[in-house]
Amino acid sequence: MSGNPDSTPLVRLPSRLRGIRWRGAVSVIAFFALWHFAVIVEFSGFAELPTPIQTLTAFFADYIANPDYWSSWVVSFERVFYGFIIAQILGIPLGLLFGTSPKFRDLFFPVFELLRPIPPLAWVPISILFWPTNESSIVFITFVGAFFVIVINIYDGVGSIKNEHIWLARSLGASRMSIFRRIMLPSVIPSIAVGMTLGIAITWNVVIAAEMIASDSGLGRMTWEGYVSSTPEVVLIGMISIGLAGYLSSLIVDWVERRMMPWTETG
Amino acid sequence: MSNTATDINQTTEQTGVGHLSVQHVGKVYDPGGANVVALDDCSLEIPAGEFIAVVGPSGCGKSTLLNIMAGFDSLTSGSVLLDDEPLATLNGSLQPGPDRVVVFQNGALFPWKTVLQNVVYGLLVQKQMSEQAANEKGMDLLARTGNLDRIAHSYPGQLSSGMQRRVEILRALINNPKILLLDEPFRAMDTVSKTTMHRHLLDIYDQYHKTVFFITHDLDEAIFLADTVVVMTTRPGTIKLRLDVDLPRPRTRETVLSERFLELKQQAVSAVHEEAKKAFERGERELA
Amino acid sequence: MNSVVKNSPAGLKGHIQIHDLAKRYRDKDGNPVNVIENCSVDFPPGMLNVVMGQSGCGKSTLAYLLAGYMKPDQGYIELDGRRIGNPGSDRIMVFQETALWPWMTVTENVIFGPLVRNEISRAEAKIKAEELLERFGLIDFKDKYPNQLSGGMKRRAEIAQALINSPDVMILDEPFRGLDVMTRELLQEYYLQLFEETRLTTLFITSELEEALFLADRIYVMEEAPNNIREVIEIDLPRPRTIEVTTTRRYLELKQKMMEFLYAGIDEPI
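Residue numbers (our numbering), protein chains in the order written: chain A, 45 to 311; chain B, 790 to 1077; chain C, 33 to 302.
Take the hints with a grain of salt, since some may be wrong.
To be verified - What the simulated footprint calls covered on chain B by chain C, stretch by stretch (three residues with Cβ under 8 Å from a Cβ of chain C suffice, anywhere in the stretch; the number is not a length): (1) 921-933; (2) 1037-1046.
To be verified - Below 30 Å or equal to it, Euclidean Cα-Cα: the simulated DSBU-like pairs (lysine-lysine) are: (3) Lys147(A) - Lys206(A); (4) Lys176(C) - Lys160(C); (5) Lys147(A) - Lys160(C); (6) Lys158(C) - Lys103(C); (7) Lys60(C) - Lys1029(B); (8) Lys206(A) - Lys287(C); (9) Lys174(C) - Lys206(A); (10) Lys103(C) - Lys1067(B); (11) Lys160(C) - Lys1066(B); (12) Lys287(C) - Lys147(A); (13) Lys176(C) - Lys1067(B); (14) Lys103(C) - Lys1066(B); (15) Lys206(A) - Lys160(C).
Worth flagging that the hints you see were computed from the coordinates, not collected in a lab. No residue lacks a Cβ here, since even glycine has one placed at the ideal position from N, Cα and C.
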């Protein structure tokens, strides 16, 4: 509350600058400064790490203009993209079937539930054995990551459709097909969105680890190779790149979700 | 100087305590530069021991005024004096205190404490007396006010909401506050439970004669309980109308059907309704 | 308004007759619980019938049975002499929670009924919708989504959404619950004006006594089975009504009388 006596600042900054979040900025700078300092004084494990400056230098020297680096990005992104899309294509209808057909659910849901608890990474060895190419085995892992999440969310979404939404449509004379197309499907879109948001995060987690284990390309592989070759700057560059890539992906997914649900923008 | 050392048994008529003076109070919020004037030049004199009810459309600032009096919020202009001492100041340096305790709309009893433990909470927190002495005082107050000593060791969850409200009021009262502030305390109750609570509240008022500042939306309730009904305007909130409720006490069921009650209600209804319409239309315009 | 709501005083529609109705649920342990039992009631047409009662007395169930969302276990309901079955546009319900479809604009919500029944063209439906929205003060919001409307506006939109279908009966299940007191009173006045113009038979459920008194021609007091309809009280306050009616002696007398009916003999429980 603006009237709160505790919020009276010690130094009154000009109003233009007051908008910048000084406290946050200071703590970020302090974080980097502490890291730098810890490396320099070789404080325990920090002795093995590069300083922020070293990392940045390495990046600008060997990576930013290096086509191999950017193709790692592309390769990882492709794996995420394919796995994610296939998961939506197969997962959405399956979720709808589970939600709307009791017979279908009784038949197939137990099998689904049997497989769901297996973490995606646990699928890696069998995926390598099963699929002919390395690439397809990795895409399968990202698919698994997103698939179960989307199915469960849609199944849940169908179950949470408000009775009143359906009842009103029935009172107004809508046929079953009309109700499915115009009421049920749109009702379920928010659940699809949730499934997508969760799914994209899981696919990134999964692709990095899968690459470390089973591939010779991609951002995960690059990070791993940095470790193996004792160049920790590469490890850090890899981590930061992966973080950025994941963040970018979720921005894209958010954008898609907003387009899917124009009615949630408050006017 | 704290008034809490005196006994709850001393009524305000003896001590003349609890005179509230609201002088040209204003409250402006400044969220991101857009001035929101919640209160504008509110002035009100409340003599010691008077029961005042405040009504008005939603968003008119009545809760803001109560919060300023209670010390949960600060004012941006004017002043509030309690017994000629400043109660709320511009820099908001005065904190909430036991001399003006608040009872809110939603039950705020501590569910993990018994009724007695709840009632004596304030006394123990202020470290005025030993636990034993506090418990004795608590039991005494409970017994004297509707024989509530029989539920002293029950937990709030075991009580009806009406009972819980009564306990809350006693929890406030035991601190011997100068004024009792009630913010729509019976709002969530059905009409009949409310009527029962009115009787209980008026019994307490007759017994202890504290100054009471009572916010409500229910006009029947306001006129039935109070000596004065104040109607506030919609935002920016100021005093629109002050009605002198010259109905005899004790108030009974027949009071509600008297000519005078009807007259007062008519005046109140038309004032509130006028403000409500303005607020409503403005609210919808703001949304478009 | 006249084009969408029937208002012939002579042949008033919406006569509801409930014959010996019963409805059972199964509780958590699977035991059958009678929510409605041996219930027979007559709701005359052209009246604003208010149903009151504590929670669990079956008032919402009665509404759902009337609307056709549930089938009775025994007995039947007649509307203007015909037995009712599945949900239909002759009796439309406004629920406690808004049922406006959030992915459709206000206009699309309102025209849904006539379009889905293939009664009129889209263009004609839009014209009718705009007439209603104009009347309800929502014309500036016709292309907005429901989540851009306040609570009171959503309710008005839902009433418009129902009325465009010219129902014989409106069922409102605590429609103004959860709204602030000010909005509530103004919506009550709104609905009253509507009712008094058209005499559209209404079944209005509420737990607020003042709301009931303000709106009703009759108040039906319900309680738990087996004695579902305990009392029917005539509310002889004059029409047309405005908020000033709450300051008349007759209103205050009726209020006290109703409190006695509703809570006869209840001691303050611990």
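**Request:** Verify the proposed pairing of Lys206(A) with Lys287(C), using a straight-line Cα cut of 30 Å.
**Result:** violated (36 Å)
**Asked** Within a Cα-Cα threshold of 30 Å, do Lys176(C) and Lys1067(B) meet the stated pairing?
**Response** holds (23 Å)
**Message:** Against the 30 Å threshold, does the CA-CA distance of Lys147(A) and Lys206(A) hold or violate the hint?
**Reply:** holds (22 Å)
**Message:** Need the status of pair Lys60(C), Lys1029(B): alpha-carbon distance at most 30 Å?
**Reply:** violated (54 Å)
**Message:** Taking 8 Å as the Cβ threshold, is the statement that the stretch 921-933 of chain B is covered by chain C upheld or broken by the three-residue rule?
**Reply:** violated (count 0)
**Asked** Does the alpha-carbon distance linking Lys176(C) and Lys160(C) stay inside the 30 Å limit?
**Response** Holds, at about 17 Å.
**Message:** Please verify whether Lys174(C) and Lys206(A) have alpha carbons no more than 30 Å apart.
**Reply:** holds (23 Å)
**Asked** Given the hint that Lys160(C) pairs with Lys1066(B), does the C-alpha gap stay at or below 30 Å?
**Response** Holds, at about 28 Å.
**Message:** Would the hint linking Lys287(C) and Lys147(A) be met if the CA-CA limit is 30 Å?
**Reply:** Given pair Lys287(C), Lys147(A) is violated - Cα atoms ~54 Å apart, limit 30 Å.
**Request:** Please work out if Lys158(C) and Lys103(C) have their alpha carbons no farther apart than 30 Å.
**Result:** Violated: Lys158(C) and Lys103(C) sit about 34 Å apart, past 30 Å.
**Asked** Is the straight-line distance between the alpha-carbon of Lys147(A) and that of Lys160(C) 30 Å or less?
**Response** Violated - the C-alpha atoms of Lys160(C) and Lys147(A) are around 43 Å apart, more than 30 Å.
**Request:** Could you grab the alpha-carbon distance between Lys103(C) and Lys1067(B) and see if it respects the 30 Å cut-off?
**Result:** With Cα atoms ~46 Å apart, Lys103(C) and Lys1067(B) exceed 30 Å; violated.
Hints 1, 5, 6, 7, 8, 10, 12 and 14 from the list above are not met by this structure, while the remaining hints are.
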